[in-house]
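Novice: So the sequences go chain by chain: Z and R. Reminder that position 38 of the first sequence reads as 38 in my numbering, one-by-one numbering, no gaps. Reminder that position 124 of the second sequence reads as 124 in my numbering, one-by-one numbering, no gaps.
There could be a bad hint or two in this list.
Just some of the chain Z residues that point at chain R, by a computed CB distance under 10 Å [as the list claims (entries may be wrong)]: (1) SER29; (2) ILE34; (3) GLN35; (4) GLY43; (5) PRO47; (6) SER50; (7) VAL51; (8) LEU53; (9) GLU108; (10) PRO112.
Not everything, but these chain Z residues come out facing chain R in the computed CB check (under 7 Å) [unchecked claim]: (11) GLY31; (12) GLY33; (13) ALA61; (14) PRO90; (15) GLY91; (16) MET92; (17) PRO93; (18) VAL95; (19) ALA98; (20) PRO106; (21) ALA113; (22) LEU139; (23) ALA143; (24) THR145; (25) GLY188.
It should be emphasised that the hints constitute simulated quantities derived from the structure, not laboratory data. Every residue gets a Cβ at the ideal spot worked out from N, C-alpha and C, and that includes glycine.
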Amino acid sequence: MALRGLLGALAPAVLTGALVAVPQAAQASIGVGIQPGPVQLSGAAHPGQSVALPPVAVVNAGTGRETIWVTVQRDPRGGGLPVPPSWVRPGMPSVQLARRHAIRIPLELVVPAGAKPGFYVADIVATASGPASAHGANLGAAAATLLEFRVTPDPAPGFWWSVFTQTLWALLILIALAAVVLVVRRSGLRVRVERESAGYGPADEYGGTHA
Amino acid sequence: MRSLLVVAAIVIGGFLVIHVGKVATAKDPPPHGHSNSVAITFHTMQTYRTITVSPTAVNCGGYARGNPPNRSKGAMGFPWGTCAVGDRVKGKDPVTITYNGIQGLVFVHAGWAMPNGNEVGTPWKPCSSAGHRAVACTGKNGMPGYNQYTVRNFSPESPAPTQITGNNLCDVNFRPLSGCYASRGNSQREGFYITGPSKIPTTDTAQSWTAWVIWTAMPQHYKGHHE
């Protein structure tokens with residue numbers, strides 16, 4: 001009797017739990033999101049140069065914990081030169097994100113020395129995978145955003161580079177002058193400058209005026 | 001020597017003055033008296049582009065085809081055994097794909113089918129017998145060849161199943177009337193059919209495989225700066 005009473009008391013709680021749990025299980029999903037704006041390099045990259053790209057923001061849009069990895073893929077719609085995947089190195093090969101959590105993944109652009117100058121376009125793709133399932137098909141989700149950058153042939157020096165080189169030259173000249181002064185002082189050389197009294201010249205001979 | 005030190009000190013001092021002057025920022029003066037603040041919380045619309053797929057894995061059933069004795073109703077036979085996730089005729093479309101965020105496109109591609117766990121088997125590669133033939137099917141009449149397989153997807157609105165390849169391409173079944181264009185909250189139910197290879201290596205012993213189908217939310221159009 002007591003057991004029946006206990007079951008009667010627990011039944012609503014069990015039913016409520018089941019109602020909550022079943023839809024959640026049925027709605028388990030895998031999902032991923034990515035920033036809508038393209039990843040663009042301000043300025044141009046040069047062959048042989050390695051530069052930091054703006055980081056790309058990705059988010060776990062699924063219902064559970066996911067592993068998300070970032071790759072670079074050729075833009076299927078064309079436009080611009082294709083980016084070899086080896087040129088772009090994500091700061092981390094993959095990240096584990098809890099539900100609704102987001103992260104900014106740093107990206108490094110490594111342009112090889114023989115890179116062709118031009119405008120490059122690719123897709124940065126964030127792919128999410130959940131726990132792998134045996135039998136049948138695993139379903140995946142991915143989200144892409146554009147990657148755009150320009151490669152120019154000659155490294156055009158920027159303003160701060162010119163300031164730096166000019167400052168460096170000035171510093172070198174100052175050090176050289178100081179060294180010359182030091183050497184002259186130590187050697188004991190003295191340069192005597194004497195002034196000779198000058199004659200009055202023709203104007204005086206012929207009656208020039210003096211103040 | 002002293003003069004050299006003086007010159008060096010002047011130069012270093014000048015540099016320090018310039019750089020410290022750049023870095024230093026004026027701080028706000030300390031507030032006078034007491035102050036209180038109130039935190040205002042509000043929500044914004046989702047701006048990032050997302051796609052969700054539910055459920056995360058599905059079973060392939062309804063095994064058919066293959067030639068006796070390599071034919072079974074409980075497993076994929078050879079050659080060209082088939083299985084199905086859903087049923088287009090009966091209106092069963094067990095996979096739900098939902099797009100969110102700013103307008104974009106929904107692309108889809110198939111990955112390699114891999115043997116499960118510790119089983120031994122050579123991966124099957126998705127091939128296409130029509131349309132975008134990046135990896136053409138090498139079997140008879142456009143059927144999958146050695147270690148190849150095909151995936152065809154469908155939705156309630158699609159007139160016929162469409163082949164999915166290993167290349168990420170527009171999922172025309174996502175919105176059959178307007179291609180694969182997707183906007184905030186667009187959702188579609190889909191199912192698919194899998195056709196196995198003509199044959200597999202005799203050294204393969206795997207009897208349990210997993211294929212991959214991946215949907216991708218793509219930017220709508222390219223806004224690059226052409227040369």
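Novice: Using 10 Å as the Cβ threshold, decide whether Z:SER50 counts as touching chain R.
Specialist: violated (23 Å)
Novice: Does Z:ALA143 hold up as a contact with chain R if the rule is Cβ-Cβ below 7 Å?
Specialist: OK, holds: Z:ALA143 within 7 Å of chain R, min 4 Å.
Novice: With 10 Å as the cut and Cβ atoms as the points, is Z:PRO47 at the interface with chain R?
Specialist: Violated. Min distance 17 Å.
Novice: Given Z:GLU108 as an interface hint, is its Cβ closer than 10 Å to any Cβ of chain R?
Specialist: Violated: closest Cβ of chain R sits about 21 Å from Z:GLU108, beyond 10 Å.
Novice: For the hint on Z:GLY33, does the least C-beta distance to chain R fall short of 7 Å?
Specialist: holds (3 Å)
Novice: Does the interface hint hold: is Z:VAL95 within less than 7 Å of chain R, judged Cβ to Cβ?
Specialist: With a minimum Cβ separation of about 16 Å from chain R (threshold 7 Å), the hint on Z:VAL95 is violated.
Novice: Is the shortest C-beta separation between Z:ALA113 and chain R less than 7 Å?
Specialist: With Cβ-Cβ at 21 Å, over 7 Å, it is violated.
Novice: Going by Cβ atoms only, is Z:PRO93 closer than 7 Å to chain R?
Specialist: Not OK, violated: Z:PRO93 not within 7 Å of chain R, min 18 Å.
Novice: When the nearest CB of chain R is found for Z:MET92, is that gap smaller than 7 Å?
Specialist: At 19 Å from the nearest chain R Cβ, Z:MET92 fails the 7 Å test, so the hint is violated.
Novice: Should the hint that Z:VAL51 touches chain R count as held when the rule is a Cβ pair under 10 Å?
Specialist: violated (18 Å)
Novice: Would the hint on Z:LEU53 be counted as holding, given a Cβ-Cβ threshold of 10 Å to chain R?
Specialist: Since the shortest Cβ distance to chain R is 16 Å, the answer is violated.
Novice: Closer than 7 Å between Cβ atoms is the bar; does Z:GLY188 clear it against chain R? Give me holds or violated.
Specialist: Hint violated; Z:GLY188 Cβ to chain R Cβ min 15 Å, cut 7 Å.
Hints 4, 5, 6, 7, 8, 9, 10, 14, 15, 16, 17, 18, 19, 20, 21 and 25 from the list above are not met by this structure, while the remaining hints are.
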